[in-house]
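A.B. asks: As you go down the protein sequences, you meet chains G and X in turn. Counting from 1, position 231 in the first sequence corresponds to residue 231 in my numbering; the numbering is continuous, with no gaps. Counting from 1, position 125 in the second sequence corresponds to residue 125 in my numbering; the numbering is continuous, with no gaps.
Keep in mind that the hints were calculated from the coordinates and are not lab data. Hints are supplied without guarantee of correctness; some may be wrong.
[To be verified] Pairs of lysine-lysine, BS3-like flavour, derived with a Cα cap of 27 Å:
{"id": "1", "chain 1": "G", "residue 1": "K30", "chain 2": "G", "residue 2": "K117"}
{"id": "2", "chain 1": "X", "residue 1": "K156", "chain 2": "G", "residue 2": "K80"}
{"id": "3", "chain 1": "X", "residue 1": "K142", "chain 2": "G", "residue 2": "K95"}
{"id": "4", "chain 1": "X", "residue 1": "K142", "chain 2": "G", "residue 2": "K117"}
[Stated by the list, open to error] Here are a few chain G residues that face chain X, going by a calculated C-beta distance under 10 Å:
{"id": "5", "residue": "P70"}
{"id": "6", "residue": "G74"}
{"id": "7", "residue": "P79"}
{"id": "8", "residue": "F86"}
{"id": "9", "residue": "W131"}
{"id": "10", "residue": "R147"}
{"id": "11", "residue": "R223"}
{"id": "12", "residue": "A242"}
Quick reminder that beta carbons are idealized off the backbone N, C-alpha and C, glycines included.
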Amino acid sequence: MNVMAPAQAFSTKKSAPVVQVCGLSRRYGKGPVILDHLDLEIGAGEFIALLGRSGSGKSTLLRTLAGLDPVTEGTVTRPKEVAVVFQESRLLPWKRVWQNVLLGMGPDAVCEVDAHKVLQEVGLSHRVAAWPLTLSGGEAQRAALARALVRNPSFLMLDEPFAALDALTRIRMQQLVARLWEKHKSAVLLVTHDVDEALMLADRVVVLEAGRIHTDISVPLERPRRHANPVFEDLRRILLSALGVTPE
Amino acid sequence: MIRKIMEYSSRYFSLILLVVIWQGVCSAGLISPHVLASPFAVVHTAETLVRDGTLPKNLLVSLVRAASGLSLAVIIGVVLALISGLSRMGEEVVDGPMQIFRTLPALALVPLFILWFGIGETPKILLVAFGSAFPIYLNLHKGIRGVDVRLLEMGKTLGLSHSRLVRDIILPSALPDFIVGLRFAVGISWLMLVVAEQVNAESGIGHMMMDAEDFLRTDVILVGLAVYGFLGLMSDQIVRYVERFFLIWSLDRNREIS
Chain G
1 MNVMAPAQAF STKKSAPVVQ VCGLSRRYGK GPVILDHLDL EIGAGEFIAL
51 LGRSGSGKST LLRTLAGLDP VTEGTVTRPK EVAVVFQESR LLPWKRVWQN
101 VLLGMGPDAV CEVDAHKVLQ EVGLSHRVAA WPLTLSGGEA QRAALARALV
151 RNPSFLMLDE PFAALDALTR IRMQQLVARL WEKHKSAVLL VTHDVDEALM
201 LADRVVVLEA GRIHTDISVP LERPRRHANP VFEDLRRILL SALGVTPE
Chain X
1 MIRKIMEYSS RYFSLILLVV IWQGVCSAGL ISPHVLASPF AVVHTAETLV
51 RDGTLPKNLL VSLVRAASGL SLAVIIGVVL ALISGLSRMG EEVVDGPMQI
101 FRTLPALALV PLFILWFGIG ETPKILLVAF GSAFPIYLNL HKGIRGVDVR
151 LLEMGKTLGL SHSRLVRDII LPSALPDFIV GLRFAVGISW LMLVVAEQVN
201 AESGIGHMMM DAEDFLRTDV ILVGLAVYGF LGLMSDQIVR YVERFFLIWS
251 LDRNREIS
């Protein structure tokens, strides 16, 4: 229904980038290069999926953008309001769900009502006062998502957030993320192994290989997206071959 | 229902049988009361000791000693564990000596403590404190050092300050280990108290028992033993309550609440 339309992809990039990575390099000790003069720009409200095989440097890039790893070579500009959702929910088991959501918020913003609102948004209003250890995997990830959203981040990082979930829960969570992104329009960087997930959600898919950007393509498909779309199929094939998977 | 009663009674059956045999042997005169008093005599003696105020008075003295010693141990253990758990420098200064001192059998310090602190309350309380500070220090230190790095990283991405990381993540995550240490400490405090009160004391349960030894009053000694056992049981129960109160988030794992 929609032909390759670069214009659409560029329209989101027109505004000044929220995240700017220039010549970022990183190696651990004398070991191999993890990131190799990497350049990446993420526009305001742009949804980028980052693919790559294990050891391609995805995690290091995300950790650097999250401020967990230092920048030793190159420059990284990122907004002040960032939030990260990890593969594990990383909720504090000794704080109730709503307290986890408000963790680290300034005293002016802190009230249970805010937590209620954002928990309702992620479909967790029935577990507001629950202890995290009583949550299911999907519920815990929803809580982690709420904790990220309550901060109104202009840049949201998702580090394989659905990898540990069962297939059905994963689809539901992908739909939730798509819906939330439509509403909040923050820039998103989604690190994933799943090509279909990347194509379902992202404006642009970046494939990392040996610390460099191997492929960088925009996804000119309207939302909600369908697997059956021929363009989707084409992009899927391109990305899989970029990841070293060739059709038999 | 009947099976439950059967299960219950069979658990205590052997114990009851033992007491009955004990009473039988004593009543038949096979064992002299100077060797072992009969259960009936023990109960009777306990009643007398309560009536004339001997037992309550000595019990109070022992309780105060154990409580002060244990409180001191908690304060010392927690402060040292915080120092060595939260800073590298602190660990180098504190942990080495602690690891060496903990290999000393605390009871071997009795003669030294008597020389230093005389025979008043001080050496007894300090002996209890010395023995029970170690499990608290060791467990809390382990708990602080064993904090989940992933939770710390999460806290950093949320922009938590160092003091907030300590307060909201490191200390709560070390709490289960601290309570394990507290449990050990309570057990050790009674052990230290028994020895401290039997070596030199003018009051306390241990003194009451040593006094009874001079008069071959095995009934009084048995009452003292029962009291110690009861105290150990009660203090363990209290720690359990503390645990249930503070660790409710981990105990509720299997219970659905909303």
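A.B. asks: Would you mind marking each hint as holding or not holding in the structure?
C.D. replies: How the hints compare with the structure:
| no. | hint | in the structure |
| --- | --- | --- |
| 1 | K30/G / K117/G | violated (49 Å) |
| 2 | K156/X / K80/G | holds (13 Å) |
| 3 | K142/X / K95/G | holds (22 Å) |
| 4 | K142/X / K117/G | violated (39 Å) |
| 5 | P70 | violated (12 Å) |
| 6 | G74 | violated (21 Å) |
| 7 | P79 | violated (13 Å) |
| 8 | F86 | holds (7 Å) |
| 9 | W131 | holds (5 Å) |
| 10 | R147 | holds (8 Å) |
| 11 | R223 | violated (28 Å) |
| 12 | A242 | violated (29 Å) |
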